[in-house]
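**Q** As a plain string of letters, each chain reads:
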Amino acid sequence: MKDETSVLVNIIAFLILFVIGIYIYIVAIDTGAGIKITDNITPTMRVADKYLNKNVLDDNSTYQWGGTAEDTAANIVTSVVVDYRLFDTTLEVIVLFITILGFGFVIPKDKRKIIKPTTILNRWAPILMLLMLMIGGYTFINGHLSPGGGFPAGAIISTAILTGVLTGRRTISQKSLKIIEAITGISIFSIGIISYFLTGSFFQNFILNDKIGDLFSGGLIPIFYGLIAFKVAAELSNIYFEFYEE
Amino acid sequence: MNSIVFLVVIPIIAAFLSLFLGKVNKLIAYIVTIFNLSFSVVVLVSGKIPFNVAIGGWRAPYGINFVVTDITIFFLLLINVAAVLSLTTIKEHMEYQFYAFYFILLAATNGMVLTGDIFNFYLFTELTTFAIGGLVAYKRDRLATGASLKYLILSSTASIFSLAAIGLIYKTLGTLNFADIASKISNLNKASLSLILILFISSMLVELKIFPFNLWVVKAYDASIPAVNLFLHGMVSTAGVYGAIRILLMVFSKNGVMSDQSSNIANILILLAFITVMIGEIGALTEKNLIKVLAFSSMAQLGIFLFGISLGNYEALKGAFYIVISNYFAKLIMFIVAKNYSVVAGSRNYNAMKGLGRKYPGLAIAFTISALSLMGMPFFAGFWGKLSIVGNALLMDKIAITGVIIILISSVIEGVYYLRISHTFFSDGNIQDTKLSRINCVLPIILAAVILIIGIYPNSIENIIWTMINEIQNTPEKYIQVILPLK
Amino acid sequence: MTQVFILSSLSLMFIGLYGVLTRKNLLKIIIALNIIETGINLLLVSFGYIDHGITPILTSQESILNLNKMVDPVPQALVLTSIVIGLGTTAFALALAIRYKITHNSILINASEEEEGRGI
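Protein chains in written order, with the numbering used here: chain A, 1 to 246; chain B, 1001 to 1487; chain C, 2001 to 2120.
Calculated directly from the structure, the hints in this document are not laboratory data.
Some hints here could point you the wrong way.
Claimed, not checked - Cβ pair distances, simulated, as ranges:
1. A:Thr119 - C:Leu2007: 48 to 58 Å
2. B:Glu1095 - A:Leu130: 33 to 43 Å
3. C:Leu2007 - A:Gly34: 39 to 49 Å
Note that the coordinates shown come from a computational prediction; the quantities given were computed from them, not determined experimentally.
For each residue, glycine too, the CB sits at the ideal point set by N, CA and C.
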């Protein structure tokens, strides 16, 4: 179907973009006083300085490799995402929850049968699923030591379930996916409420005195990443089950 | 008072639980909303305002914090009261997804008002977008799908601009906290500040229904069930108004007046407000569908509000607050009346509702009182608002005087179409059998009495409004000292 | 090097914005929305970049001595959230587009909404 667009709309859109581009250029070369958007500001002049030095609570503290600090994750991006700004991450999990809920609500229900898989897929599917589960598990368990974390791990685990679905192996049912999603979501917020009763602030890390660089360091961070990984995996697998019938 | 975070956490947990509770969902919705409302009242009377809660124990600006000041508690009460009142209009059984969306909407609007961090604000706005997208598409028919899709695309595009603004703020000022930004804003280059402001405003204008981002309003109001109309008006618009006040007047400006260099931005906002008011009034004049008339009228009232805050004058700001309060109560009444009458008459066209005013005079009288208040008649709440704005705009420059003329013309047009609707209600007509119980008339009459009280005796809420304006006037010093201790 | 990133992300955003404004086919609009999302993610990450910087992950004692050469970790946290929001928007919009095709009988965004459709 040819997409008919009138020339007038194209010209107007082009003009709008041109004006926006010229405006950004004028702002970028402005020579007034004050901090400009093209200035070269290093992270040490921003809030990130305290995150890198891990001295938010006490201005003079330093830390060593293998020692303890206020937040013992070796991956500093993880410590920002899951410790200093944990509330944003929990809200992001809710965003995913509500969009997939809306997806399941709006999509029309015409499911289709799975076509018979080929021999190669049939034979290799269990091994592939096992490998993907292993890689996914490694990613979220080591989220605080190397790049990764709960969100990519959830995507990898749900790919394992997709491989199972494509070969007709019904490994899990849609009802139990809903239960997993709800239970992990409630437990993420319940840990926040428990930490309120234990320490007085919501979502405060109440497991301390670990060592930087250990597998079991980081306090609550691996627990949160594990819950997030399973939640994301359950939600993404929900999408596949909307398309294939029982 | 660290437990204020329960206002956000409890509805989210209820949203997860609602996946499994089929029939009990409505009861849980009432319980959670009344919990939110009573918690807000407890915070109000506890006398510890203003205070600051650091989530996670990390002090601001290195962690996220919730700030409660006078403006916050005022808007929190408005949102929760609107939520309770909107729930009373749900009479039939809704599927569990409706309640899940509703709980997330409640948590997100409460969080938007409470938060003190700009990226948190962006996340709560996104949550509101998706919740409203799901609620508008609840009926899943032709109109609802189109309206929801257009709202989603428009709102997503606009919120990406605000994400760019957040990135630029972080790159230049190095922080993401409202109070920290407010204390460092004077170091910023003027041209860069105006770029950041424009990017941020364009995402706020979607919720405030200002041209050119208001293409979604009429279809979304028409396509949704009446309870969702009330959610949109009572919760989302109010949170959008709070966002405009907090960000435009307290974070990005000095002393509640947009600074000189961004007076160009104030002029642009005034121009957009004019166009919005004109579109709203002329659109409402030609519509026959009652819900669409109310949607256009909401657009126009918010245009007048934007005009009021862009003038840069504290008296006009007081008028803008009056407009918000009068619009809030009036539209609540009107949407409830529209829902009840359309159920009896069987259609949303107000010509089909002829004569219903004689059978159910309570509702029609409440409707007329709200209409007179929106028009700006003396002795009604909207009068004080328009008086303050018009009176103070006359003392300023040419653009403001043009605005005065536009507001006066719009009041006349409002009179035409609202009185036409009221006349249709009270004129003679043949009515079918009664299907409406008398209980539905109680709530609009109570709210109409509130409008009359505010109109005749404005001192009742004048103190509240002046407390809030004092807070805006003393920014950013007082706001910052609540959050960042003196170093 | 930062200039290259910022310029390329701005051009991605402009291409996407042009697509959202001018295209009528719903799928093209959603794809253009995705392009804008990619552009803004690239823009946010490039705000934290410093020349010859290293990743903000501690691997041994000597990386603790190099703390002021580390790239900014905060925009990376913002981008993590933004990617997930983009995923959610695309999923929801695509589901609505499928239902739109069934109720409106056409995939163009200017299909009228007052006429009768084959509808579900």
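**Q** Going through the earlier hints one by one, which of them does the structure break, listed in rising order?
**A** 3
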